[in-house]
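S.K.: Sequence:
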Amino acid sequence: MNRIILFPLYFLLLLSTPRSVFSDCPEAAKLFAKGVELSDGSKAEEGYYRKAISLCPNMAEAYYNLGVVLAKRGDYASAMDSYKKAVELFPKGIYYTAIGNLKLQMKDYSAAKEAYNKALEMDPKDSDALQGLSVVYNHLGLYTKAESVLRKALELQGDSAAINYNLGVVLEKQNKIIDAITAYENAISIDDRHFAAHFYLGLAYQKTGRYEDSKKVLERAATLQPEWASVYRALAVTYEKLGDFERAEMALKKALKLEPDYVPSLTNLGIILLSKTNPNPLEAEAVLQEAVKKDATNSRALTALGWAQIELGRNQQAENSLRRAIELDGTNAYAYNTLGVLYYRMGRSEDAEEAFKKAVSLNPEIARLNKRVNH
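Note that my numbering has the sequence shown beginning at 16, numbered continuously upward.
Read the hints as simulated data drawn from the structure, not as lab findings. Watch out, some of these pointers could steer you wrong.
Unchecked claim - Below, computed lysine-lysine pairings styled on DSBU-like, alpha-carbon distance capped at 30 Å: (1) K107 with K140; (2) K140 with K222; (3) K269 with K309; (4) K222 with K268; (5) K222 with K191; (6) K45 with K100; (7) K107 with K49; (8) K188 with K231.
Unchecked claim - Here are the in silico distance ranges between beta carbons for each label pair: (9) D138 with Y91: 21 to 29 Å; (10) S57 with K308: 42 to 50 Å; (11) S93 with N73: 16 to 24 Å.
All residues carry an ideal CB built from backbone N, CA and C; glycine is no exception.
Work out the full structure, taking the sequences as your base and the hints as a guide.
M.R.: So this is what it looks like as structure tokens:
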């Protein structure tokens, strides 16, 4: 079955075959049945449907199944021709749903919406058409409508992990984080191997401060998709919040092994190396220099590099890095704060006070982190 990934919603491209009467096309029916038996997207399956069509040109089911095979290969134009021929021969909801799915793949949201609505006119209980329509509404930013459509789909198919997951995404788009968590949890209770539900539930738990729960589901997500770098980046955040800097470091190194050029991971690793119980400023400096080498305009990486250079006693280099960070982003409160720390350690009290004040004016929360000169 095809899986369609959008923002990031999932739904199924139907492969079920409607019953048909082949009284005029007995040989075509046999060939068609052989294709259905294969259902592997192979050239052989395609061949059976094409032979069936050549013997029985009015066999709508053969056109539809041929379209499914072609769509799975990415031949959207030919697949669309097959689906349209199926609709022309025998208008049926499942065929319109397939057209909607294909139009969605092609990002033609208006045409996809029209096709799904036609499918629902024929069968208001078509949960796949409802899911597809919800995806369209999401792309159009109509989250309330998307939620309404998905709730209708749930009434019809409450045991669907995909629908519950999709509902969670839609709810989160509306900042209904608690309801989204419930939807993700429902998806996982139905299908414990649903990777996306685990991943986004882990992120949702982070947003609500449930870091132990986040750790549990993200670690499960990592076992489901061990080659997906984003899981390890998310785990690093959770581990850091739990004060487990060693595991955060390991998670980021796994992420970098998969995506070595991803600057945010390099930056975060540098920060972790500076924050852990036994800091390693030398390794942090090397990692952060690599980050800056890859993106010389990254203010956050330069700020962290300045911090590492402070810890190594490279005061002039630290000042240069921090001044550059501020030049790139004048709203970077942490760059000002770190510059204040540098000046404080250098005995430049007035400059330190000025930098600290600027940092707090940009981000009042940073005040509690400051070591003021008079403390």
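S.K.: Does the hinted range 21 to 29 Å hold for D138 and Y91 at CB?
M.R.: holds, 24 Å
S.K.: Do S93 and N73 keep their Cβ atoms within the hinted range of 16 to 24 Å?
M.R.: holds, 19 Å
S.K.: Between the alpha carbons of K188 and K231, is the straight-line distance 30 Å or under?
M.R.: holds, 23 Å
S.K.: For the pair we were handed, K269 and K309, check the Cα-Cα distance against 30 Å.
M.R.: holds, 19 Å
S.K.: Checking one constraint from the list: CA of K222 to CA of K191, max 30 Å. Satisfied?
M.R.: holds, 11 Å
S.K.: Sort out whether K49 lies within 30 Å of K107, counting only the CA atoms.
M.R.: Given that 30 Å is the threshold and the Cα spacing comes to 23 Å, the pair holds.
S.K.: Given the hinted pair K140 and K222, is their Cα-Cα distance within 30 Å?
M.R.: violated, 35 Å
S.K.: Using the beta carbons of S57 and K308, state whether their distance is inside 42 to 50 Å or not.
M.R.: holds, 47 Å
S.K.: Given the proposed pairing of K107 with K140, does the C-alpha separation stay at or below 30 Å?
M.R.: holds, 13 Å
S.K.: With the threshold set at 30 Å, check whether the alpha-carbon distance from K45 to K100 stays at or below it.
M.R.: Distance ~21 Å between K45 and K100 Cα, so the pair holds.
S.K.: Quickly compare the C-alpha distance for K222 and K268 to 30 Å and report which way the hint goes.
M.R.: Within the cut-off at roughly 24 Å; holds.
Violated hints amount to a single one, hint 2; each of the other numbered hints is respected by the structure.
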